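J.: Sequence:
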Amino acid sequence: EERKATVGDCSVFLWAAEGLRLSFRLSLGGESAELKHVFNGKTPCGVVRMCCLAEQVNKQDGSLRVGVEIHEASRDHHVSSTTAASSACHLLASGHSEAGTTCDNCSSPSSSGTLRLQTYLNHR
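First residue of the sequence shown? That's 21 in the working numbering, and the numbers climb one at a time after it.
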């Protein structure tokens, strides 16, 4: 006789870079959960005791399907430097967030200050 556990014994978590805001789905076998979270770069987000592992393993080949589906993602980029204008040009041209880098094509005068740029992706 096969006994089914009454409490889940399998958890699933996702780690991400600091400042990343995600709306996502985690799936394990036939079970899934939709989550929204702002990551701090040190702590994961997920579901504790999502399901019973033995019930999610494919009985024919012993495989287990684990998935992450990203619905929305956004992240703020902060740049503080004496060349904020050229850093802005570099960020927009390359998509990188390296503070203090310059772009050869910049004709903007150097200035001091803080630049805030947000990257947003929607996959719905």
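Hint data in this document are derived by calculation from the structure and do not stem from the laboratory. For clarity, every value in this text was computed on a predicted model and none was experimentally measured. The C-beta atom is built at its ideal place from N, Cα and C for all residues, glycine as well. The reader is advised that the hints may include incorrect statements.
[Stated by the list, open to error] Per label pair, the in silico range of CB-to-CB distance:
1. G61 x R136: 11 to 21 Å
2. L137 x G61: 17 to 27 Å
3. E92 x R136: 16 to 26 Å
4. L141 x V68: 26 to 36 Å
J.: Provide an ascending list of the numbers of those earlier hints which the structure does not satisfy.
T.: Structure breaks no hint.
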